[in-house]
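The working numbering runs 210 ahead of the 1-based position in the sequence shown.
Don't read these hints as lab results, they were simulated from the structure.
Be aware that a few hints might be false.
Said to hold, decoys possible - Cross-link-like lysine-lysine pairs, in silico, DSSO-like; alpha carbons within 30 Å at most:
#1 K254 x K583
#2 K418 x K713
#3 K583 x K607
#4 K586 x K713
#5 K583 x K603
#6 K666 x K603
#7 K234 x K666
#8 K419 x K360
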Amino acid sequence: MKIRLIDIFLGISSGILTALSFPKFNLSFFAWISLLPLLFIILKKSPRQAFFLGLMAGASYYAVLIYWVPSVPAHYGNLSIGISILIYLIFVFLLALFWAFFSFFSSKIYQSFPKFIFFLIPFLWISFEYILTYLFTGFPWGLLGYSQYKNLYFIQMASVTGVYGLSFVLVLFQSLFLFSMNYRKRAPFFAALTLVLIIHLGGFASIKKITPTENSFPASVIQGNVSSDIYWDKISAQEIQDLFGQHLELSHQAYAEGSHLIIWPEFSVPLCFSCSYGIYQEFKERLFQFVQKTGCTLLLGTNETTRAEEGVDYYNTALCLSPNLSTSYYYKMHLVPFGEYTPYKKIFFFIQKMTHAIGEITPGNKIILHQFKGEKFGSPICYEIIFPNLVRKFVKKGANFLVTITNDGWYGKSSAPYQHFSISVLRAVENRRYLLRAATTGISGIIDPYGHILAKSELMTKTCLSQNITPSRTLTPYAKHGDYLSIGSLTFGSIFLILSLRKRKNERKKRPSKGKFF
């Protein structure tokens, strides 16, 4: 059967509807039905045709979801609009391969197991989400489960399965609906409805009121609204002093509100505690004075250096400064490719010649926890928050609450800061930890262990957000065991793919009788 125009339209519709379920469109209910058009057409096509239709669906999905990508290299990398759009299109189609291979293997397995494929499809989907998390440094930005971050009853299951479990249920619901339509059997769809209802009821029952304990304390996040258009080497010393003063003033406000733990964003002002000269030394001494005078602990985004054999290593750092002037350093481990470093330099050697906006940051090599009043906390930096397994390692190592610092100013008022914030909600729920988020231009916020957004800033504003925090020591199944569902799904899907290929090779028979539509 040839690919018709209507098939392409349905594939593209699936991608666009799925993208609209994410911030800031926030039509989250679309995620419960958006894959139906794609699933309907790919099981009627050959694997190669399904691959093409999946590619169209994936390309339309990512084209809408990350429409903000071209503005970054164009505005901050000094690249032309044409080259920036070309980079964007290449990125979109590379990510779309996830949808393409999902569609290809679904069609392939359907040829050998036409009924069982409907139950296997959700396993295949999260297998590819898991691959997307790690392949070529990973980019798990638009995992389907994130679309439901406001559905508090539904997302509670993430404490057991991680965000991948949410994606699994969303895809299973649609797959079983299609099975029921195809084979005129109501039972599978009603079973899916029952499962969704049970998950929501379970989520409702699991959400508990958090009662303050003797270990509870007020904490604050600072948002200074420092534009990413500001380059420290291109503005006056007075302007830098003013920016530092603004953050210090907001910190005094936080202290006046009762907070003794205050979080500054990533790279909000030029700070380097390993640099003992000029403005770095002055700012360090003023921060020493602040913590000694107030008894506050500061978590700061700094740029630290260490001597290396071939010069100096630079680290994107979350530095904790205590009132006794002791410090702890966490060096960002998962860096942003083509932002903080150039991956696969032998392949992408030409990138550095095109733009000087790519940093040469050195990745850290271990998780370091900070301490405040006897409580340990982890501080994943910016991009790291999108990696579920990395964040859970902070908790498994002993973090009683989480702090993330970020600079989302690169993306202006686009959907990116909203999408990034929504991911933080899932990290809080997965690990049952309070999560404090300090963003340079927003969105900053404080999220409780059940995903309630207790405080949230607006974009491009100066503000100080304060809330009471209750540390937790209990490990969720996800924090303890990690991505067992995803790894199991990848194994399960691989086994059936091998069985399908062997069956097709050995039997060479006609396809079994299928349902009314297929």
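Verification of the hints:
{"no.": "1", "hint": "K254 x K583", "verdict": "61 Å, violated"}
{"no.": "2", "hint": "K418 x K713", "verdict": "50 Å, violated"}
{"no.": "3", "hint": "K583 x K607", "verdict": "18 Å, holds"}
{"no.": "4", "hint": "K586 x K713", "verdict": "54 Å, violated"}
{"no.": "5", "hint": "K583 x K603", "verdict": "22 Å, holds"}
{"no.": "6", "hint": "K666 x K603", "verdict": "26 Å, holds"}
{"no.": "7", "hint": "K234 x K666", "verdict": "15 Å, holds"}
{"no.": "8", "hint": "K419 x K360", "verdict": "18 Å, holds"}
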